[in-house]
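Chains as they are written, first to last, in my numbering: chain A, 77 to 324; chain B, 47 to 410.
Think of the hints as simulated: they come from the structure by calculation, not from any bench.
Where hints are given, some of them may not hold.
Here are a few chain B residues that face chain A, going by a calculated C-beta distance under 7 Å [stated by the list, open to error]: (1) 101; (2) 103; (3) 370; (4) 371; (5) 378.
Glycine residues also receive a C-beta, built at the ideal position from the N, C-alpha and C atoms.
Residue-level listing of the chains:
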Amino acid sequence: MTTLEIHDLSVSVEDKAILTGVNLTIRSGETHAIMGPNGSGKSTLAYSLAGHPKYTVTGGTVTLDGQDVLSMSVDERARAGMFLAMQYPVEVPGVTVSNFLRTAATAVRGEAPALRHWVKEQKAAMAALDMDPAFASRNVNEGFSGGEKKRHEILQLELLKPKIAILDETDSGLDVDALRVVSEGVNRVRATGETGTLLITHYTRILRYIQPDFVHVFVGGKIVEEGGKELADELEANGYARFTPAAV
Amino acid sequence: MASPPLVEGKFARHLSRDPDAFPAITGREEEWRFTPLYRLRGLHDGTAVVDGTITVTGEFETIGPDHPLVGTALVPADRPAALAMRDFKEGQLVTVDGELDEPISLRIKGNGESSYGHVVIDAKPFSKAVVVLDHLGSGTHVGAVEVLVGDSADITLVSVQDWDDDAVHLSAQAARLGRDARFKSVVITLGGDLVRLNPTVSYAGPGGDAELLGLAFADAGQHLEHRLLVEHTAPSCKSRVTYKAAAQGMEAHTVWIGDVVIRKEATGTDTYELNRNLLLSDEARADSVPNLEIETGEIAGAGHASATGRFDDNQLFYLQSRGIPADEARRMVVRGFFHEIVRRIGIPDLEDRLDAALDSELSA
Ligand SMILES: Nc1ncnc2c1ncn2[C@@H]1O[C@H](COP(=O)(O)OP(=O)(O)O)[C@@H](O)[C@H]1O
Ligand SMILES: [Mg+2]
Chain A
77 MTTLEIHDLS VSVEDKAILT GVNLTIRSGE THAIMGPNGS GKSTLAYSLA GHPKYTVTGG
137 TVTLDGQDVL SMSVDERARA GMFLAMQYPV EVPGVTVSNF LRTAATAVRG EAPALRHWVK
197 EQKAAMAALD MDPAFASRNV NEGFSGGEKK RHEILQLELL KPKIAILDET DSGLDVDALR
257 VVSEGVNRVR ATGETGTLLI THYTRILRYI QPDFVHVFVG GKIVEEGGKE LADELEANGY
317 ARFTPAAV
Chain B
47 MASPPLVEGK FARHLSRDPD AFPAITGREE EWRFTPLYRL RGLHDGTAVV DGTITVTGEF
107 ETIGPDHPLV GTALVPADRP AALAMRDFKE GQLVTVDGEL DEPISLRIKG NGESSYGHVV
167 IDAKPFSKAV VVLDHLGSGT HVGAVEVLVG DSADITLVSV QDWDDDAVHL SAQAARLGRD
227 ARFKSVVITL GGDLVRLNPT VSYAGPGGDA ELLGLAFADA GQHLEHRLLV EHTAPSCKSR
287 VTYKAAAQGM EAHTVWIGDV VIRKEATGTD TYELNRNLLL SDEARADSVP NLEIETGEIA
347 GAGHASATGR FDDNQLFYLQ SRGIPADEAR RMVVRGFFHE IVRRIGIPDL EDRLDAALDS
407 ELSA
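Generate the whole structure from the sequences, applying the supplied hints.
Quick look at the structure:
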């Protein structure tokens, strides 16, 4: 059982305050959806949890089973069990997917997976996401379509089996088929009960495939309302108008 | 003393075997403006006393400056090169006849002295071989390499500069390609205080195909300069130049000059050159100057690209966010940068060695 506790987290980018006191607790097996309009700071929250150097934490705490996450380096956080599926995955020229995946798995698991097992494992994981085996010899994210990038992120999620998975707009830019395939991947990880999931999204679309236990409305750098799945239905019907400052 | 013969055009330059035909180098010349002359130990102004030796091991025939093949592919373009061609004590002739399965290796090891050297590779028509020149040790060395690629021959020349930190190395490496000849040059420069290489290619007949690959890694204090000249002097020949360099640390400096000239007679030429540089720290510097001069309108293709970029922290973040420690992530990014070159070398042993060498550069 794992618990990620975010307490009163404030973050700024280039001296501009973006997150203004985020409180959130995520446990293994739970799925939390964070929904908010563009620019509300959702990606900032995701990157801050992963430790991107561009974001400066100005207040608050983040702990993973009591351990101080904010004092860890980016790679330490990943090895402690955090994972971020990025909204805009980064190209790494000259580094193949298979080399990348094996290096990451070695780092996260603490030892190199036996080659024979690993080849099978990677193949199966790719097949489950409808990915062509030839994909493994391409360079990381180089020339990938939007859908391929997101599948590749979920492939990593399935292979690295994190304690806490943060999925930043994994649904954006996906057609219906890709959305279904990717959602099934997320659901397989959820079904293990060993991962807590933070699903960040702008649209309710993905929530038809991945049922959240909790929905948080994110506006102006913090959570402004919390509820269950019914909150997502309300957002689907009425949008964010009720929560944005103009509506107050 | 009369001026040496002048090759006209955009890349006008004097060519002569007579050292006295060249004035002393001042640093104001276009060809020398990037080179820190004060680190040349007097090679540039004639004050250097070059009277030592360098140890060369491998299979070759020993030759002197009066050997008839000396000067057939290379005519010196500066005073140090002309002095070296006149005064070298022991040169090496490698004759390639037939198709060789195993690479021919020459180990050129400096023992701290100042020396001249001269290697001639005489590849007979229809021959095929890989020749590897391994430069290591320390000292001050001016060494020429001449490659005569006979008609329909296929020669790969690998020149590895893996010198100790204090070495100074000047080298003109000239290849002359016969009809339908193939030439691949692989230049790998990792070590040395100052390394300045001039690979040149010219064509004696139509149908020649030259591929020039280069990889350089400059650490703090290193000046690694590669000045290429591909002179399309015959119809229907091809050239491809791909050079990549990384630089990290104070005063780490790489220079790449890619001159390509398509002479009037070289109709149907197909040429492309590419240079990419990766700066791994703020103090490192890379200069990159591609030049293309076309004297005929009837060509198949000609182009060049050059770009210098800083290390992308987002790549590092992405790899680290998958648990990969920062230093290993950095190595992956840099190896990835060079991968395009390494995979085209086509010599597995060398590729492995290069991977190991890059790793040690990156963990230094
Ligand atoms: N590098 C940056 N410099 C300045 N402002 C930034 C930077 N990155 C993000 N922001 C700002 O932070 C706010 C939140 O952005 P983001 O977290 O990407 O929102 P979301 O993911 O919810 O769309 C936006 O107003 C955005 O313009
Ligand atoms: Mg976002």
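For this session: State the violated hints by number, sorted upward, taking the hints as numbered earlier in the document.
Result: Hints 1, 2 are the ones this structure does not satisfy, whereas the remaining hints hold.
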